[in-house]
Every structure is written in C-alpha cells, then in structure tokens.
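Protein chains in written order, with our numbering: chain V, 1 to 129; chain R, 1 to 129; chain B, 1 to 129; chain X, 1 to 129.
Hints may contain errors.
[Claimed, not checked] List time: in silico DSSO-like cross-link candidates among lysine-lysine, alpha-carbon distance up to 27 Å:
id: 1; chain 1: R; residue 1: Lys114; chain 2: V; residue 2: Lys107
id: 2; chain 1: X; residue 1: Lys75; chain 2: B; residue 2: Lys75
id: 3; chain 1: B; residue 1: Lys114; chain 2: X; residue 2: Lys107
id: 4; chain 1: B; residue 1: Lys107; chain 2: X; residue 2: Lys75
id: 5; chain 1: R; residue 1: Lys114; chain 2: V; residue 2: Lys75
id: 6; chain 1: B; residue 1: Lys75; chain 2: X; residue 2: Lys107
id: 7; chain 1: R; residue 1: Lys75; chain 2: V; residue 2: Lys75
id: 8; chain 1: V; residue 1: Lys114; chain 2: R; residue 2: Lys75
Hint data in this document are derived by calculation from the structure and do not stem from the laboratory.
Number of protein chains: 4
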Amino acid sequence: MNAATDPPPAPAPEAPHDLDALRERLRDFAAARDWERFHSPKNLATALIVEAAELLEHFQWLTEDESRALPPETKAEVATELADVLLYLVRLADQLGIDLHAAAAAKIAANERKYPADQVRGSARKYNR
Amino acid sequence: MNAATDPPPAPAPEAPHDLDALRERLRDFAAARDWERFHSPKNLATALIVEAAELLEHFQWLTEDESRALPPETKAEVATELADVLLYLVRLADQLGIDLHAAAAAKIAANERKYPADQVRGSARKYNR
Amino acid sequence: MNAATDPPPAPAPEAPHDLDALRERLRDFAAARDWERFHSPKNLATALIVEAAELLEHFQWLTEDESRALPPETKAEVATELADVLLYLVRLADQLGIDLHAAAAAKIAANERKYPADQVRGSARKYNR
Amino acid sequence: MNAATDPPPAPAPEAPHDLDALRERLRDFAAARDWERFHSPKNLATALIVEAAELLEHFQWLTEDESRALPPETKAEVATELADVLLYLVRLADQLGIDLHAAAAAKIAANERKYPADQVRGSARKYNR
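Start from the sequences, fold in the hints, and give me the full structure.
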C-alpha cells in the first residue's frame, strides 16, 4: 500500500462528522421504522429530559470532585447518556425546523455580551445571584 | 462604503460550524471569566437538565398537534432553549474528555442493531412496551 | 378469635397517615444508616428530579388519552415512582426546615387569587399564554 | 377590637392539614376553572418535572455546604417550589386514582427491607454502586 498515492478512504458511513449528517441519519432511522408519528416535538422534548435525568443520575450522590474523576466504566455509561441527549436534541430541532448551529452561535454571542469577561472575571456574577 | 462592490464579509468568527469549534469557544468563554471552578461535571449535568426543563415547559400544556405548529415567537424561544441544552452538553463532554460525535455514532449504530427496521416497522416495538 | 370483642388492632406502624409522620420515619431511616451526609439539599433536589423523570418516562410515548387509562401493572409502577418523589420531597423539606403543608396552603391560596374562577373559567388563561 | 380578649381566630379553612384535604381542594380548584381537560396524567407528570427543575435551579451552582445554609429569601422561594411539586404530585395521584400515603408507606417498607440498617450502616451501599 502506498499511503502517498492511494486515495483517502471514504468516510465511514456510520460516523457522522457534524450535526447535519446526524440529523439525516436520524431522519432515515425514524422513517425506516415508521416512527415519525411518535416524534412530535412534545414527545421528543419529554424523551430528552428523561435522558438528561439518566445522565444526571450518575452524578447525584457524588461530590463535585468525584464527578471530575469518574471510573472508566461509569465514564462509558455517561458517554452513552450524552449521546442519547444529543440524538433527541438533533431530532427535535429537525422536527421544528430549527438550525441548531445557528441557535448555538447566537446564544454564545448573547452570553458574551451579557457577561463581559473584563467585568465578571473573578466576581462570579451569574453564579452568585 | 459601497455595498455593491465591497467584498463579501468574512464569515463571522462567532459562528462555529461544528461541535469541535463550539467546544473551543465555550472553553475560552469559561477561561476568560474564571468560571471553570463552577463547571464540575456534576454541576453541568444539573444545569443541563434545568435547561431541558425550560425547553419542555413550552410544550407542557400543548397537544402533540399544537407542538408541531408553534407560533413564530414560541419557536424562537424554543430555539434558544435548544441552544442552551447543546452548550451545556458540549461543555460537559469536554470536561469529561468524551468525544460527543463518536458517542453519538456508536449509539445510533447500537439502535440500528437493536431495532431492525424490517422487524419493528409498523409494530412500534419500543413504544408499546 | 372473636371479632366482636377483640380490641381493634393497633395501627400498623409502617403506615404514616400524614406528612409529619412520614418525615419522622425518613429521618430515622437516614440516621440508622448514617446517610445524612449524602442528604444535602443539593443532592436531594437532584434525586427528586431523577425520580420525577422515572415517573415521566412511563408517559413519554403515550397519548394523553392513553395516559388516562394505564394498564394495572403500569399503574403499580407509577405509584412507586410517585412515592419516590414524595419521599425525597418530604426529606428535602425537612433538611431545609420548611413546613410543606404551610407552603402548599400558601401556594394554593396564591393560585386562587391569581386565577379567579369567574374570570378564567372557559378562557384557559395560564394555558394559552 | 381588643386583641387581648378576643377569641383566637378559627383556623383558616384554606389550610389543609393532610394530603386528602389538599387533593379535595385541588379538585375543586380545577373544576371551578374548567381545567380538568388540561390535567391528563401525561401533562401533570410533565408539569411536575418542570417544577422539580425550578426547585433544582436554586441549587445548581451551590456547593453542598452552601445548599445547607440558604439565605432567607432563597429559602422562601425554594418553599414555593416545593409546594408546586407537591401540588402536582397530589393532583397526578388523584387523576390516576392512586393513594399517595399508601404508596409512600409501601415504598418506605420496601427500602427498609432492601437496605437493612445493621448491614449498610457506615458502608454507604446504595451510594457507592
């Protein structure tokens, strides 16, 4: 094999590299199973919080320090819960026709204006209301 | 300034186009404000579910059909809540050293194996437990 | 055994008839196991929402009509989840020194003032914001 | 009026002293406003978790120690959130025909069997899974 001249491998189809690819794959997944009828925004927002709680459950009795140093098997379970939240989030945005990237960019910009670094540094405004 | 002949503006730097860019921007945001100490995984998982509930609140008294046809101003508010969930999700994955894209790809693949389209189509297995 | 003349059985000690009795029993339960140190208000509020999500999970893919007619085994599971929420609620109020009955009575009175029956009847104010 | 000699006021009728009285009052409240149609179990379980999140929000950035020593105004707000959770819990149990006290008593008894005090004391089983 000649790494210099061989064409690069095609991206694995099962590894979407951005949220748009994820959205398409979830759309196909639901369509192939005839599950769109369950995926009303109300139901998806409900499923999302149920997954957010399964994520939180891993941390509920831990100290903050313990939560920074999860054992490997817990970390693997947490990764799966993070994925579940992301999948429902992408699916919900799709059903509502909302561009997640644009919404996230707008929110970060709003936060940067709301909490100017030179004014809140060290003061923990927002956190000590 | 001549709008007709000026070159188009460069893409706004505040519009990350993928989760990696989002992660970097959130990392800078927290560092510039000295807020890392609040961002333990336990606290971020808590903040995430609080945002998931603010999202859900928009749907709580709607019928499923109503949730599919939000008025524009509600949709804009929902977009902001979706963004909040995504920001905490990306920040939490970063603090835990978890690759969100890889986790999502693994979970979709697992779901595809768990619910084969040719077996569950029309039967709504999973939904009628 | 003579049902007519035997004294009535003592109330079962395991059936608290009000929230105060429940609070006392939960206090004893935690003390006997040396679990108070886990029961910070922050942790209890987290445990409460995790249980609220386990409750909600039973309803997430149901229609509203289906949720009004649960099969008996689902209803039994839901009863257990309702109990879990109540136990953490009572425990949290106790740890904070809050009188749940007084708080509930105050909130109902506030709701009655906020939504006068003769003004909101049929208009579904609150629900159509 | 002579405060020193007047008889004490009768207990306010709006202060229910147990969950049964609370249930009746909430039933009247919804009926008087024609709000039963919004109160499907699915919707009430959703409203409950939204309130649980508003409760949790007060604690999200606090340390556990800080959560044990809330300032008075925060404590008053938390009391209102606890009340909101309780009201939806009682209303949901009523709509499902579930006896909350019986469910709570059964769950405590189950916990006492599951975590025998002489075996778990000091070991924090359950908390260190």
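These are the hints, each one checked on the structure:
1. R/Lys114 <-> V/Lys107: With a Cα-Cα distance of about 36 Å, the restraint between R/Lys114 and V/Lys107 is violated, given a limit of 27 Å.
2. X/Lys75 <-> B/Lys75: violated, 34 Å
3. B/Lys114 <-> X/Lys107: violated, 36 Å
4. B/Lys107 <-> X/Lys75: Holds, at roughly 15 Å.
5. R/Lys114 <-> V/Lys75: Answer holds: R/Lys114 to V/Lys75 is near 22 Å, not above 27 Å.
6. B/Lys75 <-> X/Lys107: holds, 15 Å
7. R/Lys75 <-> V/Lys75: Not satisfied, since the Cα-Cα distance of roughly 34 Å exceeds 27 Å.
8. V/Lys114 <-> R/Lys75: holds, 22 Å
Violated hints, in rising order: 1, 2, 3 and 7; the structure is consistent with all others.
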